[in-house]
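Asker: In case you want the letters, here they are:
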Amino acid sequence: MKRFSVRLVIVLAVIAAAILYCIPTFRPEIWPHQKINLGLDLQGGMHLVLAVDTAKAVESAIERSYQDLRELVRKNQIQGVSPERPSPARILVRVQGRENIEKFKGMLEKELRELKISAQTPDLDTYVATMELPGGEADQIKKLAVDQALETIRNRVDQFGVSEPDIRRQGDDRILIQLPGIQDTQRAKDLIGRTALLEFKLVDESRDVNAALQGSVPPGSEVLYKVDEDPATKRTSRTPFLLKKTTLLTGASLTDARVQIDSQYGEPYVSIEFDRKGARAFERITGENVGKRLAIVLDNKVYSAPTIQEKIAGGKARITGRFTMEEARDLAIALRAGALPAPVTVLEERTVGPSLGSDSIRQGLIAMMVGGGLVMFFMIVYYKLSGILAVFELILDLVIIGAGLAAFGATLTLPGMAGTILSIGMAVDNNILIYERIREELRLGKTLRGAVDAGFDRATLTILDANVTTLIAAAVLYQFGTGPVRGFAVTLSLGVVASIFTAVVVSRLVFDYILNTQKVKTISI
Amino acid sequence: MSIEIIKSNINLDFVGKRKWAYTVSGILLLLSLLSLFVRGPKYGVDFAGGSIIQVKFAGDVAIDKIRNGLQATNIESVSVQSIGDARDHEFLIRTDTMETSQGFSSKLSQNLAAAAGTAVEIRRLEVVGPQVGMDLREKALLAILFSLLLTAIYISGRFEFKWYQSTLIAAILGGAVYALYTFNVPIPYIIPLALVVTIVLFWVFGLKYALGAIVALIHDVTISAGVLSILDKEFTITVIAALLTIIGYSLNDTIIVYDRIRENVRKLSKTPLGVIINRSVNETLSRTIMTQGLTLVMVISLFLLGGEIIHDFALALLVGFVVGTYSSIYVASPIVLTWEERAKKR
Chain U
1051 MKRFSVRLVI VLAVIAAAIL YCIPTFRPEI WPHQKINLGL DLQGGMHLVL
1101 AVDTAKAVES AIERSYQDLR ELVRKNQIQG VSPERPSPAR ILVRVQGREN
1151 IEKFKGMLEK ELRELKISAQ TPDLDTYVAT MELPGGEADQ IKKLAVDQAL
1201 ETIRNRVDQF GVSEPDIRRQ GDDRILIQLP GIQDTQRAKD LIGRTALLEF
1251 KLVDESRDVN AALQGSVPPG SEVLYKVDED PATKRTSRTP FLLKKTTLLT
1301 GASLTDARVQ IDSQYGEPYV SIEFDRKGAR AFERITGENV GKRLAIVLDN
1351 KVYSAPTIQE KIAGGKARIT GRFTMEEARD LAIALRAGAL PAPVTVLEER
1401 TVGPSLGSDS IRQGLIAMMV GGGLVMFFMI VYYKLSGILA VFELILDLVI
1451 IGAGLAAFGA TLTLPGMAGT ILSIGMAVDN NILIYERIRE ELRLGKTLRG
1501 AVDAGFDRAT LTILDANVTT LIAAAVLYQF GTGPVRGFAV TLSLGVVASI
1551 FTAVVVSRLV FDYILNTQKV KTISI
Chain X
1405 MSIEIIKSNI NLDFVGKRKW AYTVSGILLL LSLLSLFVRG PKYGVDFAGG
1455 SIIQVKFAGD VAIDKIRNGL QATNIESVSV QSIGDARDHE FLIRTDTMET
1505 SQGFSSKLSQ NLAAAAGTAV EIRRLEVVGP QVGMDLREKA LLAILFSLLL
1555 TAIYISGRFE FKWYQSTLIA AILGGAVYAL YTFNVPIPYI IPLALVVTIV
1605 LFWVFGLKYA LGAIVALIHD VTISAGVLSI LDKEFTITVI AALLTIIGYS
1655 LNDTIIVYDR IRENVRKLSK TPLGVIINRS VNETLSRTIM TQGLTLVMVI
1705 SLFLLGGEII HDFALALLVG FVVGTYSSIY VASPIVLTWE ERAKKR
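Protein chains in written order, with my numbering: chain U, 1051 to 1575; chain X, 1405 to 1750.
To be clear, the hints were calculated from the coordinates, so they are not data collected in a lab. Even glycine gets a Cβ: it sits at the ideal position worked out from N, Cα and C.
Below, in silico cross-link-like pairs of lysine-lysine (DSS-like), each with a Cα-Cα straight-line distance of 27 angstroms or less:
#, chain 1, residue 1, chain 2, residue 2
1, X, K1637, X, K1469
2, U, K1125, U, K1153
3, X, K1671, X, K1748
4, X, K1674, U, K1496
5, U, K1342, U, K1295
6, X, K1748, X, K1674
7, X, K1411, U, K1496
8, U, K1571, U, K1434
9, X, K1411, U, K1571
10, U, K1351, U, K1276
11, U, K1294, U, K1366
12, U, K1434, X, K1411
13, X, K1460, X, K1637
14, U, K1153, U, K1166
15, U, K1351, X, K1511
16, X, K1671, U, K1496
17, X, K1543, X, K1637
18, U, K1125, U, K1160
19, U, K1569, U, K1434
20, X, K1543, U, K1193
21, X, K1511, U, K1276
To give an idea of the interface, some chain X residues facing chain U are shown, with a C-beta separation under 8 angstroms as derived from the structure:
#, residue
22, Q1458
23, T1555
24, T1642
25, A1645
26, G1652
27, Y1653
28, I1659
29, I1660
30, S1690
31, M1694
32, G1710
33, F1717
The following block holds chain U by itself, in its conformation from the complex:
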């Protein structure tokens, strides 16, 4: 009798805990507040996997060193130096004349310590050195680029306003982004994926753009385009600009970017504000170049190229470009959150609209109720009162699955719903095994007590065994599966464990109670 009461306490505790953990899904204000999370395939949303082009981050680090090198050579007035970049990862320097070589080497002693000289000729009249980033340094830059991209994207998503986003690193250079319930997926994707590198460059007015387009672009200059879209016809036009390659100032020195409305035309624009250093640089640049045109370039597209009328102090500027309100808002967010250290590409995108998600839930529930109803009907017709017990246990299984999902913070996905539906079918298997065994023992002429004991004892081992293989499959699926499939592995395992518990422990308890306390001669099975 003592064992009996211990089991009773355990069973009641499990049932109480299961019910407790299911309530917050419907009434989130009730303790323990853990509700079942729906996967993106059920509530709609966007799943993105981005690859950070880390090689580009290394390249731009080299480009910066290359620009520094040219600047240093100019500043130290070393003659006969011709730097080149034969490949994106390398700088090649040729120096003529012994005196120049001395000076150049002296400069390298002090400056540009980040570069490794990977090959050099002996000290003759011409010195050729190949410089690149050391391997460890390149790896460090790559790692930093991904960290920074992650942080930037997180900032952007936060400011865009998505509830419960999940943004994390995946592998070496990938970023996984899950945005549940998002409506305007296109806009979110555009905002996340844009590099948002803001640059200020001078227009090269030494040569006509069209001449540059026809023939050679002067060294140190490049052609970039301004793209305009006619709001009515949706047709785009491209205007070329010849710009000096040197970037005078970037968006890195911004402190703020916000949307303002032009009082004259009523068009939105983005006003930007520089930090102290940026403001000083901006003042110097505008002061030195009065009368010239300064281009505002965003992700290699020219937005505007106004002529500098006078020195601009105070560190404020505006970016115009026929924005819609939304475009201006997203641009401001991107600028505030900062530029991505390297471009990103979308490797995988899965978007589910909210209407499809709710359709899936509805269809899943219908399948569950129709199938479950039929199973319950069969169980009751076939096993009568014992069948009713099995039906109660089936409902308890579902409650335990729900509670498990909530308690472990697991996500219910569409395959997860399928797993739940499947486990209804598998759960009754265990009851059937026990009931059939009891029937068989009764046919062999055993007493009621003997048949029930033998039935449970013999069937329990078989039940444990038969379910282990399903659990193995579920464990492997969980290990190797992607999000939705993991959801399936979770509900299937929860269902299997729950049904072993109800069929073996709960049923036994009920049978024992009836046999011990009622004076029954037959059981309805």
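Here the structure of chain U is known, so what remains is to put chain X in place on it, guided by the hints.
Answerer: Just chain X now, kept in the frame of chain U:
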């Protein structure tokens, strides 16, 4: 008196018909292997890369018009398929194009709406790049390999209770797979090789029950995959999940029959094995039919009512469970007998 689907004194001759069963299974296996290896499985977007776009129109639309709209968006080599009820005007578009550029989906819906002359909603968009596709394929194959290995090791110990032999088998099997892996043998080749090693080991060590179980298992998964391939269904991550579930569940039934065979062997040591096996199958027949039948009820309702996205998954389970039930009666148990007869002849 309780209701019985199967009379408790039933005695059908299952074992006697095993030659027929072997023939039927052999033909099914051959067809499956032909479809899987000669024609090759049709990979879904998950594994092959590409895009799936599920769209819903407000009114009637001809498929040609949808194609026009796609062409205007530079999407070529597409298959457009109507799904669900015709009144839903819902279509599934599959293409190799992997377009994720800025403004793509708004451009697409504009072009589709213009071509169709009715409003359109993009309900689902899945774009998988070739790199991710390759990663997912590798993961799926590893999942299949590991679940087969773990299951093989489990049944080698479980069915005979000779755990030291099973440990040895696990070591040899693990070593063989590790060796193949370090020699850079691709996983699609490792899987059949590992299975051959397993079967040979079970045969050599005389683990007849484990042998029957693993043969039935291979039988079930191969035929399920083969049927999907013959029906020209796509292999996606969820279909692989279904195949792994079949691995788990097909054994469920086999274990129940085997447990009964062993119990009867202990009870009736004088009776020939053929009779014992046949008797055991008959004794467990009613629970086999009840358990498999009710699980099938759930799978069928999932197949019919669960919606388009889960359809192929449910189909795979449906085929696998039916084949699994058949194999635990007609394949797994007779193989034990066949092995015993061979062993006696030697």
